[in-house]
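*Asks:* Residue-level listing of the chains:
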Amino acid sequence: MALVDIKQLGISFGGLRAVDNFNMTLEDGQLYGLIGPNGAGKTTIFNLLTGVYKPTDGEFYFDGELMNGKTPIQINKKGIARTFQNIRLFNNMSVIDNVKVGLQNRHHYSMAAGILRLPKFGKMEKEMTEKAMELLKIFDLDAEAEQLASNLPYGKQRKLEIARALATEPKLLLLDEPAAGMNPNETAELMNTISLIREKFKVSILLIEHDMSLVMGICERIIVLLYGRVIADGLPDEIKNDPKVIVAYLGE
Amino acid sequence: MKNKKNIIYAAIAIIIYLLIFALVETGTASRQLQNLIVPVLVNIMLAVSLNLIVGFLGELTLGHAGFMSVGAYAGCLFTISCDLPAVIELPIAFIIGGLTAAVFGFIIGIPALRLKGDYLAIVTLGFGEIIRSILNSMDIVGGSGGLKGIEKSGNYTVAYVLTIITLIVISNVIRSCHGRSIKAIRDNVIAAESVGVNVVYYKMFAFVLSAFFAGVAGVLYGQNLGIIKPATFDFNKSIEILVMVVLGGMGNIKGSIIAAIILTLLPELLRDLADYRMLFYALALIVMMLFSSNPTLVEFRQRLFAKKEGGK
Amino acid sequence: MLKKLMALTLAGAMIFSMTGCGGSGSDASADNGSDVIKIGGIGPLTGDAASYGVSTKNGAEIAVEEINEAGGVEGKQLELLFEDDECDEQKSVNAYSTLMDQGINVLVGSVTSACSIAVSGESSNDGILQITPSGSAQECTATPNAFRICFTDPLQGQVMAEYIQEQGLSKAAVIYNNGDEYSKGIHDAFVAKFAELGGEIVADESFTSGDVDFKTQLTKIKSSGADCLFLPFYYTEVANVSEQAASLGLALPMFGCDGWDGVIKQLNGDTTNIEGGTFLTPFVPTDSDEKIQAFVKKYNEKYGADPDQFAADGYDAIYAIKLAVEQTGGDLSNEALIDAMTKITLNGLTGDMTFDENGEPNKSAKVAVIENGAYTAKN
Amino acid sequence: MDFIQQFINGLSLGSIYALIALGYTMVYGIAKMLNFAHGDVIMVGAYVLSLAAVKAGLSPVMSIIFPVVICMLSCTVLGVTIEKIAYRPLRNASPLAVLITAIGVSYFLQSVALLIFGSNQRKVESVIPEFSLSLGEIHLSGEAITTLGVTVLIMICLALFINFTRVGKAMRAVSEDKGAAQLMGVNVNTTISLTFAIGSFLAAIASILFVSSYGFVGPYSGAMPGIKAFVAAVLGGIGSIPGAMLGGIILGIIESMSKAYISTELADAIVFSVLIIVLLVKPTGILGRKRITKV
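Chains as they are written, first to last, in the numbering used here: chain C, 1 to 252; chain X, 253 to 564; chain D, 565 to 943; chain A, 944 to 1238.
Don't read these hints as lab results, they were simulated from the structure. We treat Cβ as the ideally placed atom computed from N, Cα and C, and that holds for glycine. Hints may be right or wrong, so weigh each one.
As the list claims (entries may be wrong) - Restricting the straight-line Cα-Cα distance to at most 27 Å, the calculated cross-link-like pairs of lysine-lysine (DSS-like) are:
no.	chain 1	residue 1	chain 2	residue 2
1	C	Lys120	X	Lys257
2	C	Lys131	C	Lys171
3	D	Lys861	A	Lys1121
4	C	Lys54	X	Lys368
5	C	Lys70	X	Lys256
6	A	Lys1066	D	Lys862
7	C	Lys70	C	Lys126
As the list claims (entries may be wrong) - Some chain X residues flagged as far from chain D (calculated, every beta-carbon gap over 10 Å):
no.	residue
8	Ala262
9	Asp370
10	Val393
11	Val413
12	Gly431
13	Asn450
14	Tyr473
15	Ile479
Stated by the list, open to error - Interface residues of chain D toward chain X, partial, derived using beta-carbon atoms under 10 Å:
no.	residue
16	Thr610
17	Gln641
18	Asn658
19	Met664
20	Glu686
21	Glu703
22	Asn741
23	Lys748
24	Gly749
25	Ala756
26	Glu760
27	Asn804
28	Tyr883
29	Ser897
30	Asn898
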């Protein structure tokens, strides 16, 4: 069974049909790209999948379970994590604490343990620190662990967001323009990192991106959105040569 | 390293207590200072507990005096109606006061789930005023004349122990996974939800915990003075506590403690200025805010700070 | 770091300065042989209730000056140290401690009831003589060291209930300040007594401190069939009520309590809307009594205004202390002074009075009527 | 009969709240700050009015115009000065810092008034010629009629000003996005100063009508009406000009009605409860615009 099964998903804001009849199947371990011009509805789909918006119609199955109407928190617990187009870090917290907030999804201790500093507290905190450092190392952020997140340079903030999402141990990771604002070197590095985490964490990825070199370079399948509708869905090579896609991007 | 820090804190706490003990018991401290110890500690408890909501959760409330008042009334009513030895009676009174305030914290937390910023501020202000006008019209708690005849059993040792408990609980919460969740909500609600932070639960938790300690502080206030009246707990009192939090630094517990000490002592030290006292206080408030929050000055200070670091 | 250091230094310096003055303070209080009698005063000098504290302080200052000019008491000069409490109980107790550090021998205060009660919780431990000039709540004199100059609230309410019925009026409308214990105390006693005497309270309305609009309450009263209006609260609101009643066309005889004193000044002397208003007061500045006239003159010279009842209470409190010190023959010990209080007879501005063991004054109330822009004493 | 009179009482009380709320909402809507000192500017205005009225030995018409003009001028200058000294240095600081500063300014004005004028309330003669309407048992005072009329007039003028003049457009631009407005050539500082000038001018009008209705001013006279008006502004939807009007009137009527028919003691509690309920149902107030956060 597919990890993600989306059937005729749609949402309207007042009279505006932001997403219409969106269908998609994402297999376990797959890396899917979601592209389209600005305003096509890509981020709206992310918001639908993570429960920020409630779909007005259609169905969204994750791991065989219907996710419609679930809250962002429930959806995250089920195993979907995301990053944001406009970076949303916990700016006034340290880098390592940002990751720990993500880790808390699976590593938890009671209020009493926290207040009374019971042995469980020490044990869990130690475990979390180790895991967080491990994650930060992957993203080359371990040196900045104690810095405030807002003091990181832009590229590292993007990485930290991915690290935080991964900390929740998701089965599906949604990346919203992870390469935005990066130079070609950084983008290349990011591509490596994405491949690496796919291997290491056995996570499926759905990725929104404008940087075609990145999308074409790493995505296994690509879906193209225009005005809220899917105009193409296929392998990178098919998409590259699809006349509808070329029209959408270049105009007639 | 963490343990070392804790030991240092414990040592500081004990030394300060011994210092107070020595100053009071030998009579070195003036009456004025002896008398101010409990109010200072009450204000520290209030400021630190409010900091949990304002500084760590990032929600502006103007109703902290309301929590304080319900706690004070509940706890002090208990001591009046009950005739147990103080050792048993007092802890129960503090817990009753705290729990009652916590219930109100829960109720006031509900709008906080929906409202933000200035809207929440006015709603909490409203809650405080509602509590006050209900207390005013309740004859069984003395109405506007206040609740009288409270046994004065709050002394500096009791107050000190309560303050230390407050500090330990709140700072431990802040430095645990629960505290991280609360701070995450402050920094970015949407991101917090996206990584599974239960926003509703933690917002409520912060309000309830903060209200609990405000309630305990209220009981202590009543036990120390022997009389409480609704007019004391008006929104000016809430603002007074808020000023301590803002001045001490949002999300800075040590700052709250220092600000609470300074702002409680300042008006007392300014007594010699007589009529000009309030004027001076107002000016001090404006100047301190300008100094601590003006972007240019803040930058200047940071540069100064950076230089020092570099020099090391 | 710099900021933290500064803050810590500041806090430390504050505490240090307070320990510093400790030594000298306790010395002074022990010193009985000094030729100065230190009188502590506490009352609101700032905040909503400031006018009461300021008047009391002014009145007390005049008394102190008079006594000192006349050579003091038992060869000693009086010194008045007056502290602000903003009408806040905690600040009142703080003020008391500050005064104790300065070595006061007796205490006048606090001006308001709740503050007075809070202070007596402390002062009773020290055993110091405490005279509240105007704390009218029953509990103000609950401790053995506490006395008062003014009437209690219930007494005023009862007397007024009797007085109104003597005028042949039986349907009273009442407005009171629910946020003020003084007003509520008088109101409660009045309502009980008025009914007991066979009268009927046809409208019972309240407001809270800070309100300026009374039209709603007055509109209700207008249609209640009341034949008189009882307004047991302070003159500031009385002025508002009287003007608004007139604007609504409500013309009932008005009655009040000693808090009314000052209403004429409040109305800039224009008393058209409150003409005939009658209230209970221990002190009427237009009283032909020589003592009162001398006081009014001095007060006007010094402060440029007519004194009110608070000023008179403050003045009388100082004279009560003078008599008590004379009674003990200069012994300033707490026990002696408290004991002396019950033995003195004070011919004060607010009437001739003696004090009983419970700290209550025995004095008769005067009824004042507002006529042609002036208070007229009526007995 | 009673009901109508109570309604009118509420209306006249409400129009005072509305007038003060207009000033609040104006400053909040554009400068995005709670000017807690607004009520105290009204208090200062009332004192100025009383001083100017005493000093004037002019013709009947001038003796009304002179104090009114002086009052308006001094309030406007005061408002702009406060903005310049206390608020401008904090333009980019946290809203809380600005709030605390505003509270400091409020305390400052109160204590200055206390030092100069003493704690007793001062009687101020009404500048509104004496007239009233009576219909049988129902009375409507000249002050109430004038206040209501002036408030409606100001509301209309303000709405026109904000929506149709160049300066008004600049104000709206600043309220949407200070940075972008600056890039588009709007002088943010001048615009905000102007906002304060207008807000304080409104405070002057409010103080004239307030003291004309109630006749007295003390150092703390501005505090309570200030808070009630703030509640009114929030109730109506803070930042919305018709909202302030509506909020003020509703607040006045609720207060009056609950005093008349429920309980005078709990009137304030009822007013605040209504506010809370309204905000829970509609978090931006009755006429407030909803802002969508983009994810």
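*Asks:* Does each hint hold? Answer for all of them.
*Replies:* Each hint tested on the structure:
Taking the CA atoms of C:Lys120 and X:Lys257, the gap is about 20 Å. The hint holds against a cut of 27 Å. The hinted pair formed by C:Lys131 and C:Lys171 meets the criterion: a straight-line CA distance of about 18 Å does not exceed 27 Å. Between D:Lys861 and A:Lys1121 the CA atoms are separated by roughly 62 Å; this puts the pair beyond 27 Å, and the hint is violated. Annotation: proposed proximity of C:Lys54 to X:Lys368 holds, straight-line Cα distance about 22 Å (limit 27 Å).
Taking the CA atoms of C:Lys70 and X:Lys256, the gap is about 45 Å. The hint is violated against a cut of 27 Å. Proposed proximity of A:Lys1066 and D:Lys862 is supported: the alpha carbons are some 25 Å apart, at most 27 Å. With a C-alpha separation of about 32 Å, the suggested pair C:Lys70 and C:Lys126 falls outside the 27 Å cut-off, and the hint is violated. In this structure X:Ala262 is separated from chain D by more than 10 Å, as the shortest Cβ-Cβ distance comes to about 19 Å.
With a least CB separation of 22 Å from chain D, X:Asp370 remains clear of the 10 Å interface cut-off, as annotated. Chain D leaves X:Val393 outside its interface by the beta-carbon criterion, the shortest separation being 13 Å against a cut-off of 10 Å. Residue placement check: X:Val413 keeps its beta carbon more than 10 Å from all beta carbons of chain D (closest about 20 Å). Taking the minimum C-beta to C-beta distance to chain D, about 22 Å, the non-interface status of X:Gly431 holds against the 10 Å cut.
With a minimum CB-CB distance of about 35 Å to chain D, X:Asn450 clears the 10 Å threshold, and the non-interface call stands. At roughly 7 Å, the least C-beta separation between X:Tyr473 and chain D is not larger than 10 Å, which violates its mark as non-interface. With 10 Å as the threshold on Cβ separation, the claim that X:Ile479 sits away from chain D is violated: the shortest Cβ distance comes to roughly 5 Å. Because the smallest distance between the Cβ of D:Thr610 and any Cβ of chain X comes to about 5 Å, under 10 Å, the interface hint for this residue holds.
Look at D:Gln641: its Cβ only gets to about 21 Å from chain X, farther than 10 Å, so that hint breaks. With its C-beta approaching chain X no nearer than about 6 Å, D:Asn658 sits inside the 10 Å limit, and its interface hint holds. Taken as an interface hint, D:Met664 checks out: its beta carbon lies about 4 Å from the nearest beta carbon of chain X, inside 10 Å. A cut of 10 Å between beta carbons decides the hint on D:Glu686: the least distance to chain X is about 8 Å, and the hint holds.
Contact between D:Glu703 and chain X, as hinted, is supported at the beta carbon level, the nearest pair being about 5 Å apart and thus within 10 Å. Interface restraint check: D:Asn741 against chain X, minimum CB-CB distance 8 Å, threshold 10 Å, status holds. With 10 Å as the threshold, the beta carbon of D:Lys748 comes within range of chain X, its nearest partner Cβ sitting at about 6 Å, so the hint holds. The criterion of a C-beta within 10 Å of any C-beta in chain X is met by D:Gly749, whose closest approach is roughly 7 Å, and the hint holds.
Against a cut-off of 10 Å between C-beta atoms, the interface hint on D:Ala756 is violated, since the closest Cβ of chain X lies about 13 Å away. Hint status for D:Glu760 relative to chain X: violated, with the closest Cβ pair at about 19 Å, above 10 Å. About 19 Å separates the beta-carbon of D:Asn804 from the nearest beta-carbon of chain X, more than 10 Å, and the hint is not met. Interface hint status for D:Tyr883: violated, as the beta-carbon distance to the closest one in chain X is roughly 24 Å, over 10 Å.
With 10 Å as the threshold, the beta carbon of D:Ser897 stays out of range of chain X, its nearest partner Cβ sitting at about 19 Å, so the hint is violated. The interface hint given for D:Asn898 is violated, since its Cβ lies 16 Å from the closest Cβ of chain X, which is over the 10 Å cut-off.
Taken one by one, the earlier hints fail for this structure at numbers 3, 5, 7, 14, 15, 17, 25, 26, 27, 28, 29 and 30, listed in ascending order.
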